[in-house]
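> The lines below spell out each chain.
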Amino acid sequence: MTNPGAALTADEQAPGSRAAARARMDRAINVAERYGIFAAWIVVIVVFGAIEPSTFLTVATVRNILGSDAVLVILGLGLILPLTAGEYDLSIASILALSSVATAVLNANDGVPIVPAVIIGIALGAFTGLVNGVLMVYFGIESLIVTLGMSTVLAGLVLWMTNALTISGVSIGLVNAADHTIGGIPLVFVYALVITIVLWYVLHYLPAGRRILFVGRGREVARLSGVRVDRVRLGVMVTAGLLAGVAGVLYTGVSGSANPTAGATLLLPAFASAFLGSTIITPGRFNAWGTIVAVYFLATGTTGLELLGVSAWVEQLFYGAALIGAVIIRQLVRRRITAGPRR
Amino acid sequence: MPLVRLRGMSKRFGATYALRDVDLELRGGEVHGLVGANGSGKSTLVKILSGYHDPDQGGSAEIGGEAVGLPLRPAVLDAARIGFVHQDLGLVPELSVLENLWLTRISQMHAARVPWRELKRRGAGILRQYGISLDLDASVTELSQAQRALLAIARAAATVDGRLGGGGSGVSGAGSVPGVLVLDEATVFLSASHRELLRGMIAHVTAAGGAVLVITHDLDEAVSLCDRILVLRDGRAAALVARDEADRAALARLIVGQDVEPAVAGAGAAGAGASGASVASVDEPAGAATVQVSGLRSAGHGVGDVSFRASPGEILGFAGLAGSGFDQVVGLMFGARRADGGTVAVGSWRSELPDLDPPAAIGAGLAYIPAGRGSEGLLLDLSVAENLLSQVSERYLRGGFLRHRHMRERAEQLVRDFGIRCRDVEAACAELSGGNQQKVLLAKWLEAGPAALLLVEPTQGIDVGARAMIWAKLRELAGSGMTVVCASSDHEELAHLATRVLVMRAGQVITEISGPALTKTAITAACLA
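Chains as they are written, first to last, in this note's numbering: chain S, 1 to 343; chain D, 1 to 529.
In case anyone wonders, no lab produced these hints; they're calculated from the structure. Just so you know, not all the hints are guaranteed correct.
[What the hints assert, rightly or not] One side only, chain S facing chain D, incomplete, derived with CB under 7 Å:
1) Pro207
2) Ala208
3) Asn259
4) Ile337
We treat Cβ as the ideally placed atom computed from N, Cα and C, and that holds for glycine.
Please model the entire structure based on the sequences and the hints provided.
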């Protein structure tokens, strides 16, 4: 190149600076794509804060959002594993309900001590995931169909176990383990954060995470490259069930009771968060940090709307639109990735 | 008056011209060739002709002497009877031969009832006329690649003949408009006997006053079929060559834009490649090993009792007509598909074939480079780096973390070594041309340090430069003691590369050719014998 300080002729300068300008532009767009959600988040906070300064901008609200949506974070994280492997788990929220209810029924109704009740609740989740995986792998049924059927089966089971009643009277030990705060931060949020870090590590820093991605992006290619595809598919379903089980037990802990219809309402927010999360941080890929950020971004929006006194139906509208919007963005990102550089 | 005339075709994607001021004229009764390296603008020109791309301002199109608007609309193409066979053939695998044959007709039909009986009768007539024997009720999934290609070509030829139109009579309007048959790399799966059928269909179209446009990488095919050949290079028309001026060496020169070493222009000494790709120096294979297969059989893949042995330093070729099983052997011995019986041994390691799966085969030191780059070989929407290092990510695990920076550096090194053209190692593989994708695929498997390399059609549908580079690489690997087994329908490739060629027919090895007798014509003759 030219010596430092040497004057550039116009001819030399123009293409170089244009290329540099384009590179800068590309970098800026890239950063905006990855982290733009934080700007949007601040806008949401400022808007609701301006409208409702007395209720929205309070420590109690922040704590409430952190605590009540941590369960959704864990559920969304459970979902990104099957999604990365190219599988759907539509039963994940029903597994949450099953684990939640099973723990409560065992502990409150049957007098089982809380620790075994929690272990059984989580194990039930993992076992259901295993059943999902076995049906997919050994009978060659699409995950969409298997888990759609499973979600309804589980919903029925849960109603049978509870007689459609909310189970209360769960051990205070579980409630404390979930809802106790350290320095104002609820424990359940800490758990969600830890699971986020673990999943980020697995998906980003372990060969196993790459194998999951390979299976999702080309099952046959992965198989011929030596990946044990069936093992991976089974593994992601079991892990999804396990995390849904953890989320279910914590859900019982946070609310001190188990609501048999909880499952249905969490499925869509979990999908919306997972897909919105896949458009940020590492756009085009389901990722753990994206998921937790998406959950709290969406929770900020819904909480703000609630505080404004907007009816409950707006929340559904909000999450549904978020899911569709996220999928559209994801599609655009992927199209650009495979089509080559921005021209 | 030409049947089709495209003038001043340009297509720009952002700042780069994919095609720049190219004319294409298809005259009645002629076979017109279109050749060029990957990225030379061939597919862009074809996509303009098929109405998929809207060319940039300044071009014009005439069909049958009348000016038509751009982009070309389906109705215009239908009226002019322009029939396409695209590279992917455009068949719906789950549907039957009959349904595929009438796909367009059925999807455009307004009648309340599909006249199946009539369609079946006319369909049988079409296949009979082109000399193709296919069960009309068979599902396309049951057909071999060659049979699928024939079906697609027959369908396009019948479109051109006007035999797939509506109306009650089987020959409604036949002959009223001479059509144009466009064959875009449609012959890659065809064996010599199938190529004869294809020649028959081409002759049929031209005899009726129609034109045929042949897009191909096979220069011999271009020379032998075409009356005129348009050579594209870097988006521009490099030359329009008439039949008597065309020979493959001259074409190869025009395609590359410079003199080509003998390896590319014809059988001969090894060449490092015209693309300027530097050839990587690879380490000695970790453990060179003899590969031995005994009693390999698989009824489902048309292979019965094949045994052979390939030694370190040897390139063993497999040849045969489509359906002979020559292209199935390597997949079966890798465990990519399940065999009924037989054993495979790599050095002292040994496995019963029905029990073998890819992880075990890879553990034994085998590497398998399948024919389908996108469907079996590479994860196209992941990055070049991720594909290159997919077999060896464990190596980059330090203290429980994958070292992304080291991986990136290694990927960049491989990109340089193999002359892979990409804007960045983080770019998706889908962005790359076929030749560069094939280089990524080869590099990915070599990175695993295999003892033996199994390949199927290693240079199918890629440009001459990449082809020369891959050939040179394979020779170099064999020279350093690797065992290479390569199935190919490109007999020139086998003549050039292989130390020994096993020719298969009906699932059996019928001939072995080696030494001075190993020539392209000898292989072809043995396949047909």
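> Each hint needs a verdict: does it hold in this structure or not?
Hints versus structure:
{"no.": "1", "hint": "Pro207", "result": "holds, 4 Å"}
{"no.": "2", "hint": "Ala208", "result": "violated, 9 Å"}
{"no.": "3", "hint": "Asn259", "result": "violated, 40 Å"}
{"no.": "4", "hint": "Ile337", "result": "holds, 5 Å"}
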